[in-house]
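Asker: Listed below, chain by chain, are the residues.
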Amino acid sequence: MSVPHEALDFERPSIFRRIRPLDWAYFALVLAVAVIAHWQYGHLMDRYDTGGLILAAGMSAWLGWFWRPWQLFSIIVAALSLFGVWLYGDDLARGSTNFWLNYVGSGQAGVMWMSVMLYMATATYILGLFSKSDFPSRLGAAFAWIGSGAGLMALMVRWREIYLTDPTWGYIPVSNLYEVFILLAVMTTLMYLYYEQRTGQRTMGAFVMLVIAASVTFLLWYMWDRQAHEIEPLVPALNSWWMKIHVPTNFVGYGGFAIAAMLGVAYLLKHRFERTRPDAAITHRLPSKEALDGVMYKAIAIGFAFFTIATVLGAMWAAEAWGGYWTWDPKETWSLILWLTYASWLHMRFTKGWRGPVMAWWAIIGLFVTTFTFLGVNMFLSGLHSYGEL
Amino acid sequence: MNLAITLLVALAIASVIGTVLVQNQPYTDYLIDYGPFWHEIFAGMGLYQVYSATWFLLIVTFLVVSTSFCVYRQSPGILKDLRRYNLQVKEKSLRSFHSSATGELDQSQDEFLDHARRVLKAQGFKAREKKSEGQTVIAAMKGRWNRLGYLLTHVGIVVICVGALADGQTLLKVNEWLGNIEIETRGIPVSEVPKSAWVPVSNPSFRGMVEIPEGSSADVVFLPMREGYFVQQLPFRIELEEFRIERFSTGAESSYESDLIIHDPNRDEPLRHTISVNHPLIYNGYAIYQASFADGGTKLDIEAIPLGAEALRSLEVPGRVFQEQEIPTPQGDTRTIEFIDFRDENVVPLLNEEGQRENRHLGPAFDFRLMDRTGHGLYYRNYMRPALQEGAMYFLSGVRESPGDEFHYLFLPADADDSLDRFRTYLAMLHNAEVRNAIAREVAADDPSGAAIAQTTAELMRLFAEGGYGAVHAELDRRVPEEQREQVGQLLMRVLHAGLQALYMEVLEDEGVVSIQEEEQRWLEDAVSAINAISLYESPFFFQLTDFEHREASGLQIARAPGQSTVYTGSVMLIIGIFLMFYVSYQRLWIIARRREDGDGTQVTMAGTSNRHKVEFEKRFAHLKRWIIDQKPANGSDDDHRESTNKND
Chain A
181 MSVPHEALDF ERPSIFRRIR PLDWAYFALV LAVAVIAHWQ YGHLMDRYDT GGLILAAGMS
241 AWLGWFWRPW QLFSIIVAAL SLFGVWLYGD DLARGSTNFW LNYVGSGQAG VMWMSVMLYM
301 ATATYILGLF SKSDFPSRLG AAFAWIGSGA GLMALMVRWR EIYLTDPTWG YIPVSNLYEV
361 FILLAVMTTL MYLYYEQRTG QRTMGAFVML VIAASVTFLL WYMWDRQAHE IEPLVPALNS
421 WWMKIHVPTN FVGYGGFAIA AMLGVAYLLK HRFERTRPDA AITHRLPSKE ALDGVMYKAI
481 AIGFAFFTIA TVLGAMWAAE AWGGYWTWDP KETWSLILWL TYASWLHMRF TKGWRGPVMA
541 WWAIIGLFVT TFTFLGVNMF LSGLHSYGEL
Chain B
23 MNLAITLLVA LAIASVIGTV LVQNQPYTDY LIDYGPFWHE IFAGMGLYQV YSATWFLLIV
83 TFLVVSTSFC VYRQSPGILK DLRRYNLQVK EKSLRSFHSS ATGELDQSQD EFLDHARRVL
143 KAQGFKAREK KSEGQTVIAA MKGRWNRLGY LLTHVGIVVI CVGALADGQT LLKVNEWLGN
203 IEIETRGIPV SEVPKSAWVP VSNPSFRGMV EIPEGSSADV VFLPMREGYF VQQLPFRIEL
263 EEFRIERFST GAESSYESDL IIHDPNRDEP LRHTISVNHP LIYNGYAIYQ ASFADGGTKL
323 DIEAIPLGAE ALRSLEVPGR VFQEQEIPTP QGDTRTIEFI DFRDENVVPL LNEEGQRENR
383 HLGPAFDFRL MDRTGHGLYY RNYMRPALQE GAMYFLSGVR ESPGDEFHYL FLPADADDSL
443 DRFRTYLAML HNAEVRNAIA REVAADDPSG AAIAQTTAEL MRLFAEGGYG AVHAELDRRV
503 PEEQREQVGQ LLMRVLHAGL QALYMEVLED EGVVSIQEEE QRWLEDAVSA INAISLYESP
563 FFFQLTDFEH REASGLQIAR APGQSTVYTG SVMLIIGIFL MFYVSYQRLW IIARRREDGD
623 GTQVTMAGTS NRHKVEFEKR FAHLKRWIID QKPANGSDDD HRESTNKND
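Protein chains in written order, with the working numbering: chain A, 181 to 570; chain B, 23 to 671.
A portion of the hints provided could be inaccurate.
[To be verified] Listed below are the simulated DMTMM-like cross-link pairs for lysine to aspartate or glutamate, each with C-alpha atoms no more than 25 Å apart in a straight line:
1) Lys-641/B with Asp-189/A
2) Lys-469/A with Glu-640/B
3) Lys-647/B with Glu-191/A
4) Lys-636/B with Asp-189/A
5) Lys-148/B with Asp-132/B
6) Lys-647/B with Asp-103/B
7) Lys-654/B with Asp-136/B
8) Lys-641/B with Glu-191/A
If you are wondering where the hints come from, they were derived from the structure by calculation, not from laboratory data.
Note that the coordinates shown come from a computational prediction; the quantities given were computed from them, not determined experimentally.
Generate the whole structure from the sequences, applying the supplied hints.
Answerer: Okay, here's the thing in structure tokens:
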């Protein structure tokens with residue numbers, strides 16, 4: 181009794197069939213924005229800027245197709261950012277006089293909203309882990325979405341604020357620890373939300389959001405104690421279009437490694453509680469060890485792939501700025517050490533099929549190596565990356 | 023632990039050493055830091071240049087060799103795997119696969135095969151078939167690129183290491199080992215460096231530094247090597263026309279730029295080019311980078327103002343940065359001034375009147391050291407122009423014991439026309455015994471016990487002029503019993519200040535100033551503090567910069583790295599390979615269809631493997647079975663379906 185083929189779902193619809201009308205509408209919107217941007221400001225762009233515009237538009241459109249929530253997210257963030265930029269006009273002083281800028285639309289306000297929302301997300305996710313209902317975790321996801329949106333908006337508006345402070349300074353806000361910490365929080369949260377949505381496992385958030393909350397805490401301390409949010413001109417060594425791609429690429433890597441480490445913690449707890457306390461919330465609310473291991477692998481894989489790209493981009497930039505693609509500067513060396521750490525992790529998994537607590541521990545140790553590469557090198561070792569000093 | 027992991031970990035640990043122990047410092051610094059015993063050991067192990075140490079290069083070489091061997095051993099198998107569909111499989115072996123399934127269908131074999139082909143094609147499999155004695159074998163595979171990923175990542179790593187080794191110091195080290203070249207450890211002019219330390223133009227890869235003062239040129243670079251250097255000959259001469267520092271309105275540097283002229287015998291005309299940070303010049307495979315800057319020997323005109331009785335008789339001192347000058351002191355001694363550095367822009371974060379940190383342009387300043395006959399002395403930084411500090415103008419001179427310390431500042435108050443004239447006059451008069459006595463008499467004139475007070479006043483003024491409050495207190499301690507000191511001390515201070523005030527009146531009168539405002543009163547307080555501080559300043563002069571001819575030097579890094587494109591190629595291979603390995607899943611599937619033994623239908627056996635992701639492949643195999651054998655929709659939600667087909671990571 182053969183079933184007509186049409187009823188079976190093995191025929192992969194062609195790429196164009198899989199894309200829904202709304203996807204096309206999003207693509208058209210991104211294209212239109214890019215075209216308008218070029219039509220309005222093309223005369224101010226060199227070929228790298230134009231390339232950057234095409235790359236950004238292409239990536240946003242692709243991301244929207246690959247992961248639909250990105251569509252609405254990017255539209256809202258873009259609208260809020262434009263609102264903030266529009267409110268400023270060409271007067272930075274409006275940041276403190278205009279009500280909307282003061283409380284919503286300025287870079288500083290965005291960072292505060294991001295911090296509050298990510299803290300609330302952390303709290304509600306933890307509540308969700310111990311609650312019978314799914315509601316707190318869903319609420320946590322909502323806070324996480326709003327928080328990362330606010331953070332991304334903050335970066336966009338800050339970009340404009342830098343130009344308003346002094347048009348000759350103008351640079352992308354990924355130039356110092358304050359700015360990259362915002363980027364780290366936004367990137368890690370978004371990556372986590374992607375995995376949560378794809379796996380349908382919401383309880384992982386209780387762990388992943390902890391590391392994000394920690395980075396927000398550092399950010400706030402850095403802001404209040406060191407006035408790090410103040411806009412300063414760029415040092416000559418950073419004045420290069422390489423920064424625009426090198427730094428964000430790096431943070432996909434750091435974000436992936438951070439998520440993997442926190443899932444490693446979840447894995448170890450689950451592993452322990454399964455034996456000692458089978459009734460505990462952690463035992464039955466957390467996803468299966470296989471699922472945790474799977475997401476951990478995916479996070480490390482994406483992190484490793486992007487970190488490799490970032491390191492190669494960094495080498496190319498170094499060749500242009502410092503006169504050598506590899507000079508064993510402490511930051512470079514620690515990047516290599518970090519790369520070797522995860523290369524070994526992946527190698528063990530691929531060649532020996534290793535799984536389990538050892539790999540979870542390895543991922544956790546990896547986060548310490550990541551943190552040292554990211555922060556420790558700038559704090560304790562001298563070298564060419566010293567502009568990231570605390 | 024397998025060999026690969028051991029090597030990766032060894033490389034990581036070795037790399038850590040090089041970041042903890044600061045690399046490539048002068049050997050004398052290491053000797054001070056670690057003492058002769060550990061210094062010998064560290065130097066012997068090459069820990070000061072870990073990344074070019076023989077043992078480190080051996081680890082890298084070993085990694086390259088073992089990876090190459092791994093690729094060599096694996097690639098024939100992989101390539102064969104990619105071509106061979108393996109149609110020889112037996113039903114029995116298929117059943118023993120981890121992922122396998124069987125089914126008995128009523129369809130005819132042709133009907134079934136037709137269906138199976140459609141599913142496989144739609145799912146992106148490539149398939150081969152073999153028919154024999156009523157049985158058909160289909161062997162299918164998908165995601166072959168994944169296997170290519172393995173090759174690309176491993177070959178990529180080898181290529182990167184080979185390129186990097188070619189650009190390293192390997193060749194230099196080999197030549198040194200063969201005795202062709204010898205390192206030079208002395209800091210001597212290039213012309214005096216013996217030929218044995220010279221590296222010929224033919225050297226294909228190096229990275230070195232050279233500092234060129236404005237208006238000068240160089241045709242060599244210095245290659246640092248352990249405790250010394252080699253001199254690398256260049257096939258062209260680089261002239262520095264001008265070095266510039268561009269600044270933002272805040273005074274922070276926005277760009278460092280050098281105008282270069284390349285004189286190459288192979289060119290008809292010299293090449294002019296401006297380089298800056300992030301914008302090097304690549305000339306015939308030589309990359310020339312803006313790396314640093316320094317003073318290039320600025321000419322300084324200096325007025326040495328004696329800080330004593332001779333304050334009004336200053337000396338002209340001609341100076342040049344990096345040179346020394348002997349100066350006779352009014353006391354009949356000589357001091358040697360060594361000019362260390364000059365900066366024409368100095369931006370210092372100072373507190374403004376609201377108490378906030380503010381970057382302030384303090385203008386030109388020069389650094390020097392003033393040594394006595396034994397060679398001892400302090401380090402100084404004097405600013406050319408007076409600076410505004412809390413509402414008044416001061417000439418600043420920083421002093422410190424060694425170059426690593428913080429400066430302590432001497433603030434000499436400027437007068438209304440921003441000069442030191444009033445201070446000099448005041449100082450000279452204070453040091454003059456006759457003037458002191460006259461002033462003291464004047465102060466005591468109205469007092470009944472005039473003579474005694476006048477004598478005390480004059481004596482206190484002398485003590486203060488020569489040793490500040492410290493000398494006054496020492497005298498007090500010597501003469502007055504402890505229990506009366508406080509009381510007497512207060513009285514003496516009042517007497518001293520009355521004298522200093524009267525002296526100041528005299529100075530103002532000479533200047534023609536009649537009414538004394540708050541401003542003038544403040545000047546006196548500042549002058550008194552300054553004179554008090556002079557006793558700690560340890561210099562018989564205040565060196566006032568009057569004019570300068572600025573000459574800067576640009577530090578260029580010059581590199582030749584023929585392995586660079588090799589390294590980049592390897593990097594691209596590595597990145598492509600990583601993505602193929604992570605995001606393309608390699609799957610194989612076999613289907614054997616034959617006539618059912620009990621009748622018309624078809625007996626189907628199917629099995630599959632994937633090189634990793636066991637859990638995910640099981641899910642996927644279940645779907646394939648539903649489609650191919652059960653011929654039903656794979657009962658998952660739409661998302662599950664996409665999960666298994668789209669994202670084969």
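Asker: Each hint should be assessed against the structure and marked as holding or not.
Answerer: Evaluated hints:
Proposed proximity of Lys-641/B and Asp-189/A is supported: the alpha carbons are some 15 Å apart, at most 25 Å. Annotation: proposed proximity of Lys-469/A to Glu-640/B holds, straight-line Cα distance about 17 Å (limit 25 Å). For the given pair, Lys-647/B sits about 14 Å from Glu-191/A by alpha-carbon distance, which is consistent with the 25 Å threshold. The straight-line distance between the Cα atoms of Lys-636/B and Asp-189/A is roughly 23 Å, inside the 25 Å bound, and the hint therefore holds.
A distance of roughly 19 Å separates the Cα atoms of Lys-148/B and Asp-132/B; the hinted pair therefore holds under the 25 Å criterion. Pair hint Lys-647/B plus Asp-103/B holds up; C-alpha atoms about 24 Å apart against a cutoff of 25 Å. Restraint check for Lys-654/B and Asp-136/B: the C-alpha separation of about 16 Å stays at or below 25 Å, so the hint holds. A hinted pair counts as satisfied when its Cα atoms are at most 25 Å apart, and Lys-641/B with Glu-191/A qualifies at roughly 17 Å.
The earlier numbered hints are all upheld by this structure, with none contradicted.
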